[in-house]
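Following the hints, position chain V against chain Z.
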Amino acid sequence: EPEVTQTPSHQVTQMGQEVILRCVPISNHLYFYWYRQILGQKVEFLVSFYNNEISEKSEIFDDQFSVERPDGSNFTLKIRSTKLEDSAMYFCASSEDKIEAFFGQGTRLTVV
Amino acid sequence: AQSVTQPDIHITVSEGASLELRCNYSYGATPYLFWYVQSPGQGLQLLLKYFSGDTLVQGIKGFEAEFKRSQSSFNLRKPSVHWSDAAEYFCAVGAPGYGNKLVFGAGTILRVKS
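Protein chains in written order, with our numbering: chain Z, 1 to 112; chain V, 1001 to 1114.
Calculated from the structure, these hints are not laboratory results. One thing to keep in mind: the hints can contain errors.
What the hints assert, rightly or not - Every beta carbon over 12 Å from chain Z, so not counted as near; a handful from chain V, in silico:
{"#": "1", "residue": "1006"}
{"#": "2", "residue": "1008"}
{"#": "3", "residue": "1011"}
{"#": "4", "residue": "1013"}
{"#": "5", "residue": "1018"}
{"#": "6", "residue": "1026"}
{"#": "7", "residue": "1042"}
{"#": "8", "residue": "1049"}
{"#": "9", "residue": "1061"}
{"#": "10", "residue": "1064"}
{"#": "11", "residue": "1068"}
{"#": "12", "residue": "1079"}
{"#": "13", "residue": "1080"}
{"#": "14", "residue": "1082"}
{"#": "15", "residue": "1087"}
{"#": "16", "residue": "1092"}
Said to hold, decoys possible - Derived lysine-lysine pairs resembling DSBU-like cross-links, with alpha carbons at most 35 Å apart:
{"#": "17", "chain 1": "Z", "residue 1": "83", "chain 2": "Z", "residue 2": "57"}
{"#": "18", "chain 1": "Z", "residue 1": "98", "chain 2": "V", "residue 2": "1113"}
{"#": "19", "chain 1": "V", "residue 1": "1068", "chain 2": "Z", "residue 2": "57"}
{"#": "20", "chain 1": "V", "residue 1": "1113", "chain 2": "Z", "residue 2": "83"}
{"#": "21", "chain 1": "Z", "residue 1": "78", "chain 2": "Z", "residue 2": "57"}
{"#": "22", "chain 1": "V", "residue 1": "1061", "chain 2": "V", "residue 2": "1113"}
{"#": "23", "chain 1": "Z", "residue 1": "57", "chain 2": "V", "residue 2": "1113"}
{"#": "24", "chain 1": "V", "residue 1": "1049", "chain 2": "V", "residue 2": "1061"}
{"#": "25", "chain 1": "Z", "residue 1": "98", "chain 2": "V", "residue 2": "1049"}
{"#": "26", "chain 1": "V", "residue 1": "1113", "chain 2": "Z", "residue 2": "42"}
{"#": "27", "chain 1": "Z", "residue 1": "98", "chain 2": "V", "residue 2": "1061"}
{"#": "28", "chain 1": "Z", "residue 1": "98", "chain 2": "Z", "residue 2": "78"}
{"#": "29", "chain 1": "V", "residue 1": "1049", "chain 2": "Z", "residue 2": "57"}
{"#": "30", "chain 1": "Z", "residue 1": "78", "chain 2": "V", "residue 2": "1113"}
{"#": "31", "chain 1": "V", "residue 1": "1049", "chain 2": "V", "residue 2": "1068"}
{"#": "32", "chain 1": "Z", "residue 1": "98", "chain 2": "Z", "residue 2": "42"}
{"#": "33", "chain 1": "Z", "residue 1": "42", "chain 2": "Z", "residue 2": "83"}
{"#": "34", "chain 1": "Z", "residue 1": "42", "chain 2": "V", "residue 2": "1068"}
{"#": "35", "chain 1": "V", "residue 1": "1049", "chain 2": "Z", "residue 2": "42"}
{"#": "36", "chain 1": "Z", "residue 1": "78", "chain 2": "Z", "residue 2": "42"}
Bear in mind the structure is a predicted one, so any value in this text is a computation, not a measurement. Where a beta carbon is used, it is the ideal one built from N, C-alpha and C, also for glycine.
In isolation and in its complexed conformation, chain Z is listed as follows (with noise of 0.2 Å):
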């Protein structure tokens, strides 16, 4: 069964250092998202993107963050310098049809 890949599945770093997390969308799949989870609170949603353009993104995602599709497969979320507080579990998702959404395992970034 196709599925969501993310890489690396735990990152650390430092604070004040650029971060790249990677995900492969599912082969087909047009729409690509990005969302969040702070320990012990709620999903949320960080960046929606399609046709190589951002569709909608959050209050969360300021000039931080970006991401890229650099090629066929692979759909990246940068944080270009990071702070405590961008400590948390980074899920990837992506969807065909725009309706449901397929998750990654996620990759958990803390910020030291």
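Leaving out everything else, chain V in the frame of chain Z:
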């Protein structure tokens, strides 16, 4: 904007007992509704979804949910809980034509006692 309320933070049930997890949503029209399950350290697995049609939907692992428009609810049920069902359950709402993002509830942690 849409919102989701899961009023129960924790629920404990005995193995073999029935289960109902509550979910209420706020949205001006009929939304898309989902239940996801998350085991510790794992990702989000889709249990079931409602888009339209029959208001009682069946999902994986023996779960079902009923959409009740009059109560703005989408409660998750299972007739007999297994120890492996212990996890966190998230209700989510998607708004048709609304940028297709999901809004999640705060989650309900299910504990199963033997």
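Now for the hints, and whether the structure bears them out:
1. Annotated as non-interface, residue 1006 of chain V brings its C-beta within 12 Å of a C-beta of chain Z; the closest such distance is 9 Å.
2. Under the 12 Å C-beta cut-off, the non-interface status given to residue 1008 of chain V relative to chain Z holds; the minimum distance is some 14 Å.
3. Interface exclusion of residue 1011 of chain V from chain Z stands, the closest Cβ pair being 17 Å apart, more than 12 Å.
4. The claim that residue 1013 of chain V is not at the interface with chain Z holds, since no C-beta of that chain comes within 12 Å of its own (minimum 22 Å).
5. The beta carbon of residue 1018 of chain V is kept farther than 12 Å from every beta carbon of chain Z, the shortest such distance being approximately 26 Å.
6. At the 12 Å boundary, the C-beta of residue 1026 of chain V stays outside the reach of chain Z, the nearest C-beta of that chain being 15 Å off.
7. Residue-level check failed: residue 1042 of chain V sits 6 Å from the nearest beta carbon of chain Z, not beyond 12 Å.
8. With 12 Å as the threshold on Cβ separation, the claim that residue 1049 of chain V sits away from chain Z is violated: the shortest Cβ distance comes to roughly 6 Å.
9. With a cut of 12 Å on Cβ distances, residue 1061 of chain V stays outside the contact zone with chain Z, its closest approach being about 15 Å.
10. Look at residue 1064 of chain V: its CB is around 18 Å from the nearest CB on chain Z, clear of 12 Å, so calling it non-interface holds up.
11. The claim that residue 1068 of chain V is not at the interface with chain Z holds, since no C-beta of that chain comes within 12 Å of its own (minimum 21 Å).
12. Non-interface call for residue 1079 of chain V relative to chain Z: holds, since the shortest CB-CB distance, roughly 25 Å, exceeds 12 Å.
13. Taking the minimum C-beta to C-beta distance to chain Z, about 26 Å, the non-interface status of residue 1080 of chain V holds against the 12 Å cut.
14. No beta-carbon of chain Z comes within 12 Å of the beta-carbon of residue 1082 of chain V; the shortest separation is about 22 Å.
15. Distance check on residue 1087 of chain V: its Cβ is at least 14 Å (rounded) from any Cβ of chain Z, clearing the 12 Å threshold; non-interface status holds.
16. The Cβ of residue 1092 of chain V does not lie farther than 12 Å from every Cβ of chain Z; its closest approach is about 8 Å, which violates its non-interface assignment.
17. A distance of roughly 19 Å separates the Cα atoms of residue 83 of chain Z and residue 57 of chain Z; the hinted pair therefore holds under the 35 Å criterion.
18. With a C-alpha separation of about 38 Å, the suggested pairing of residue 98 of chain Z with residue 1113 of chain V is violated against the 35 Å cut-off.
19. Taken as a hint, the residue 1068 of chain V and residue 57 of chain Z pair is honoured in the structure, with Cα atoms around 30 Å apart against an allowance of 35 Å.
20. Straight-line distance between C-alpha atoms of residue 1113 of chain V and residue 83 of chain Z comes to about 40 Å, which puts the hinted pair past the 35 Å bound.
21. At roughly 14 Å between alpha-carbon atoms, residue 78 of chain Z and residue 57 of chain Z fall within 35 Å of each other, so this suggested pair holds.
22. Proposed proximity of residue 1061 of chain V and residue 1113 of chain V is supported: the alpha carbons are some 18 Å apart, at most 35 Å.
23. Distance check on the hinted pair: residue 57 of chain Z and residue 1113 of chain V sit about 41 Å apart at the alpha-carbon level, beyond 35 Å; violated.
24. Restraint check for residue 1049 of chain V and residue 1061 of chain V: satisfied, since their Cα atoms lie roughly 14 Å apart, inside the 35 Å limit.
25. Annotation: proposed proximity of residue 98 of chain Z to residue 1049 of chain V holds, straight-line Cα distance about 14 Å (limit 35 Å).
26. Restraint check for residue 1113 of chain V and residue 42 of chain Z: the C-alpha separation of about 25 Å stays at or below 35 Å, so the hint holds.
27. At roughly 25 Å between alpha-carbon atoms, residue 98 of chain Z and residue 1061 of chain V fall within 35 Å of each other, so this suggested pair holds.
28. Under the criterion of a C-alpha separation no larger than 35 Å, the hint pairing residue 98 of chain Z with residue 78 of chain Z is consistent with the structure, at around 23 Å.
29. For the given pair, residue 1049 of chain V sits about 24 Å from residue 57 of chain Z by alpha-carbon distance, which is consistent with the 35 Å threshold.
30. Taken as a hint, the residue 78 of chain Z and residue 1113 of chain V pair is broken in the structure, with Cα atoms around 42 Å apart against an allowance of 35 Å.
31. Proposed proximity of residue 1049 of chain V and residue 1068 of chain V is supported: the alpha carbons are some 14 Å apart, at most 35 Å.
32. This hinted pair checks out: residue 98 of chain Z and residue 42 of chain Z have alpha carbons roughly 21 Å apart, not beyond 35 Å.
33. About 19 Å separates the Cα atoms of residue 42 of chain Z and residue 83 of chain Z, which keeps this hinted pair within 35 Å; it holds.
34. With a C-alpha separation of about 24 Å, the suggested pairing of residue 42 of chain Z with residue 1068 of chain V holds against the 35 Å cut-off.
35. Proposed proximity of residue 1049 of chain V and residue 42 of chain Z is supported: the alpha carbons are some 19 Å apart, at most 35 Å.
36. Under the criterion of a C-alpha separation no larger than 35 Å, the hint pairing residue 78 of chain Z with residue 42 of chain Z is consistent with the structure, at around 21 Å.
When the structure is compared with the earlier hints, violations turn up for hints 1, 7, 8, 16, 18, 20, 23 and 30 and for no others.
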